[in-house]
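Protein chains: 2
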Amino acid sequence: MQLSVRIPIYDRSLMQLAAAASGVASPNSPGTSSSPNGGKGNPFIGSGAGEVSDQPSIASWEMWDTIRTICEYNVRLSLTLDLTPPLPADLAVLRQWVAEPTRFLFLPVSTFIANAKGYPVLPKPTQKFTRDIMKIQPNVILSGTSSGRHAKGGEAAYSQYVRHLEKTSPSVKAAHTPGTVENFAQGYQDYLQAPLQPLMDNLQSVTYQTFEQDPVKYRNYEEAIFRALSEWPRPGRIVICVAGAGRGPLVARCLTAIERAKKEAFVYAVEKNPNALVTLQDRLRLEWGDKVKILFGDMRTLEVPEQVDILVSELLGSFGDNELSPECLDGAMRFLKPDGISIPASYTAHLAPLSSSKLYNETRVSKDEKAVETPYVVMFQSINILSGDGGGVSGECGPQVQECWEFEHPRRDAVLNAQGLPFTNSHNTRFAKLTFHIPHASVLHGFGGYFEAVLYGSVGLSIHPQRMDKISKDMLSWFPLFFPLKEPLYLPSNCELHVSIWRLTNERHVWYEWHAEAFLPLPVLLDGELSQERRRKGTSSLSATPSIAASSLADADDTLFVSSPSRIMFEPLQEEPSGARFGLIKIGQTALHNPRGRSSWIGL
Amino acid sequence: MQLSVRIPIYDRSLMQLAAAASGVASPNSPGTSSSPNGGKGNPFIGSGAGEVSDQPSIASWEMWDTIRTICEYNVRLSLTLDLTPPLPADLAVLRQWVAEPTRFLFLPVSTFIANAKGYPVLPKPTQKFTRDIMKIQPNVILSGTSSGRHAKGGEAAYSQYVRHLEKTSPSVKAAHTPGTVENFAQGYQDYLQAPLQPLMDNLQSVTYQTFEQDPVKYRNYEEAIFRALSEWPRPGRIVICVAGAGRGPLVARCLTAIERAKKEAFVYAVEKNPNALVTLQDRLRLEWGDKVKILFGDMRTLEVPEQVDILVSELLGSFGDNELSPECLDGAMRFLKPDGISIPASYTAHLAPLSSSKLYNETRVSKDEKAVETPYVVMFQSINILSGDGGGVSGECGPQVQECWEFEHPRRDAVLNAQGLPFTNSHNTRFAKLTFHIPHASVLHGFGGYFEAVLYGSVGLSIHPQRMDKISKDMLSWFPLFFPLKEPLYLPSNCELHVSIWRLTNERHVWYEWHAEAFLPLPVLLDGELSQERRRKGTSSLSATPSIAASSLADADDTLFVSSPSRIMFEPLQEEPSGARFGLIKIGQTALHNPRGRSSWIGL
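Going down the list, the sequences are from chains X and U. The number in our numbering is simply the position in the first sequence, starting from 1, with 2 added. The number in our numbering is simply the position in the second sequence, starting from 1, with 2 added.
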């Protein structure tokens, strides 16, 4: 049996209650105080529009969250969003519904208004929301179509209009447009793929074929190589090495770039995979002739006839370094000239906290304990990134998607042995502590992992949600990484999420570990003198201190209440912005995930 | 390999930090503001003594909590409490250490002071703490004993003194005193026992023997029966029925009570267990003669020769009704006269939130999913009851241990069929929603379940932690019930815990389900008019509204910030106590435990 709970997406009655009970002015009274777009601006002062509407939509979501939590995320329990009430202008707070099992939209004709011609249409916000949620293909339930409420169009008008919204939905359009990720990824949405182990396993021909379909990636590589050649300082023969040539797409791009740049250059193609080697040899004979030499072997050990000027590689994973590119390139640096360059020159890993009941349930299907600690490759669809841009309440939070770390090639700092290889891999370990602002109450199910790479100069590759379209639009080769959580972590509105993530390594493996703590930032109440004194001491907000400290130091009481029994007050922000102080109350934490690499990348 | 982490029980340096960072005055400055004894008094105003010391001890505990959480409660990780720093006068905040794997106490001689005679002794608070923690038998590590720091006694003096503390520890003394629960329960501390199923199974003779050892229970039963007989209104023969006679202890007590009361009375002994019947028949022949008649069968169906005046039963479980006493007595009411009485007359179930890393780990040993959803019978030792007495910050919280529900016998409200039996068991379902104040940051691992019974008049039985010594001191028959949680729930200082618990039933089973939500009560900041208006409206604190609502209505922003950009302030409590308003921010929740009775009592 399937069960679907009908919930009003937005309920003013709940809001009235909220206003009354919590002392927030009612919607009609001017300038209420909640801050829907979270960190933006001064949290103490209402910022109009979307404002008041934050509460009732949160109320609806919290109701749903309690129900499904009590039902243990049962997959037979779905959600019917009742779109009867008018929606807020600011839809940010409604994004969460995409990450829930929203199977039906309930649309009574009373929600429709008449357009100039008298035909039924939806109010702008409801229009936009419906278009957006079409991404997860809910069934639309129309009610009262025979009531003749609207002058024109009759019963059919409503369904026609809804179909029109569907057709004009950005994600639906994208899915029907060849060349887009949405179109390429049909059927892969929210599907968990175990990440590749290219170093341990030899990729199959079909895998290469899939990746070679990507027009954008190779275009950018060619452009990077072209610019590197064009700007090459010294005259004469330039030696290029493609480390990990696969079936040869990068070799071919090198040759085109050489032609375009009108340079004298020679290409070595290094490949360890015998399956791919066959194809390489064919292409050498049929296409490349003496412009290329194929070297069969592992780039970390193989002997190369001469030192090279430009080392071209494509060993990147969804998180940049996760397919062991740093370790492989360390091994290849042996045959790069001291002043030689690497394409890519560098790459960075990025993280964002997200909610997705779908993905949470997917990771729980398997009984294997590794299943909830494995970073999966996923084409995200039913997810919601929970972090907001801006500094949050304490002003100490980073952007919505945050950088964890960077790898640069060639790197000069590693200590090398006689063979030119590093003694240990410790220089490739990394740690990052990130602070996210969570504007709206939600549940954390995991993290999205993304990468960005600088190939050469301004040419790059990116799957960073906010920047990919600028840097490498419609690139198909990488879906994001999903770092799951064993247990959901509840996050109230305007809390702070402190995320720790490690890249760790031993003789054979590389893996990630992750852990998160939630804090509620609360204004520290002061009377005049105390604040004076503290300003002298120059002690400001807590957020800078490490969470363990912060948590332990901030008890609800000591952040809220002060010594003097006299009137307690904030320092008015607008008179003196520097005066604000915030304490952090720890309210929750996750387990440490994937300790000692239960799930790891193998092949060192 | 075993690993023990040494942590200062209390660290002033952390406190200084706290003071600086969170705006709380330094320990030296008078009247700081944290409220260690939580709800008591006005949370806005410091209350001296234990006060300042709350922070650093919480800091130590939070450090430990983060470490062991990251280590997933690994059983090989234990704790070494460093008693170097002087302890606070108020030890309440230190109770949590009993619930942690405190395997060692680190005691440097520098902690010792010299007594009048110059011998080394510990400061009063450290003395008391050490005595209390001896309950869980930690190993004491003395350091620097050869330093000759103290004039008298030499090296041996320190260990002699520690042994003296151990001998004089209340729990150690109790363990050595025959007749106490501590002595009776040797070896059973923190051991999880599956609760009895007396209705489904026939108890074995050895089980009866254990229970019959309890002097207190039968003494109180005899006293209750004696008073009932003495106060019996009508002259002439009184008919008593012992429903569930077992091996006859209650029958014997009836006869003694009859003698003492000098009444003419006859006793029916009803028993369904053939094993016990044998013993009953022997006792009838050898002791009781014609004063007693034995009836073999189930009290819910068996035919009794005549209606009885007094129905005596002892079918109680640790949670009162958990061994199906209500259902059995419903069946026995058939043969109780309309004006007859039941001993017990009523019983209540009580609950308290607790922390215990030991019990949490015990429930995780088994792979059976039922294991983390079964209420176990446990002799509590390494546990800490987290709730505080008093109303908490919002003033809406109940006492430390709270009553869930009550059962009364005889009950007149049940609808009966021709056989005098209820048509359904729905009248025996119960629901309670309890609100606890949590004064100190801690982790919730489950709940303690207790019962209290009124046998007759002022004679009762109780395992209620705060009242058992008054009502039935040294009663051995019942250990508390432990309701576990699948996952620990982190609770910050001064938060509120809302616990829902159900007693549910179907044709054959009775079971409990439980669920909890955590909230942080935050003062609602008002400017004058707004508060005026609200007082007119008469809307006060949120705590009264159901949590789902409460949670949804209280976003960090709307409870914290108000409309007017002008100076924001609390209404000063002492000038106008009624003026305080609190909003609740939901910060966490547990799963619903034991849905549909995965673990249940069988036999209806």
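Read the hints as simulated data drawn from the structure, not as lab findings. Treat the hints with care, since some could be wrong.
Since copy identity is lost for identical chains, a pair holds within one copy or between any two.
Stated by the list, open to error - With a straight-line cut-off of 25 Å between C-alpha atoms, the simulated SDA-like cross-links for lysine to any residue are:
#1 295 - 336
#2 435 - 73
#3 435 - 71
#4 339 - 167
#5 137 - 364
#6 435 - 70
#7 339 - 192
#8 137 - 148
#9 130 - 476
#10 435 - 75
How the hints compare with the structure:
Proximity of residue 295 and residue 336 under a CA criterion of 25 Å is satisfied intra-copy only: 18 Å inside one chain copy versus 100 Å between copies. For the identical chains of this complex, residue 435 and residue 73 are inter-copy neighbours only, at 19 Å across copies versus 34 Å inside a copy, given an alpha-carbon limit of 25 Å. For a Cα distance limit of 25 Å, the shortest separation of residue 435 from residue 71 across copies, 18 Å, qualifies, whereas the shortest one inside one copy, 29 Å, does not. In this assembly of identical chains, the alpha carbons of residue 339 and residue 167 never lie at most 25 Å apart, being 58 Å within a copy and 74 Å across copies at closest.
Proximity of residue 137 to residue 364 under the C-alpha cut-off of 25 Å is restricted to the intra-copy arrangement: shortest distance 19 Å within a copy versus 46 Å between copies. In this assembly of identical chains, the alpha carbons of residue 435 and residue 70 lie at most 25 Å apart only when taken from different copies (20 Å versus 31 Å within one copy). In this homomeric assembly, residue 339 and residue 192 never come within 25 Å of each other (Cα to Cα): the closest approach is 44 Å inside a single copy and 68 Å across copies. Taking identical chains as interchangeable, the C-alpha atoms of residue 137 and residue 148 are never at most 25 Å apart, the minima being 28 Å within one chain and 75 Å between chains.
Taking the closest pair of Cα atoms, residue 130 and residue 476 come within 25 Å of each other only inside a single copy of the chain (24 Å); across copies the shortest separation is 69 Å, beyond that limit. Taking CA atoms no more than 25 Å apart as the test, residue 435 paired with residue 75 passes between copies only; the shortest distance there is 23 Å, against 30 Å inside one copy.
In terms of the numbered hints stated before, the structure departs from hints 4, 7, 8, listed from lowest to highest.
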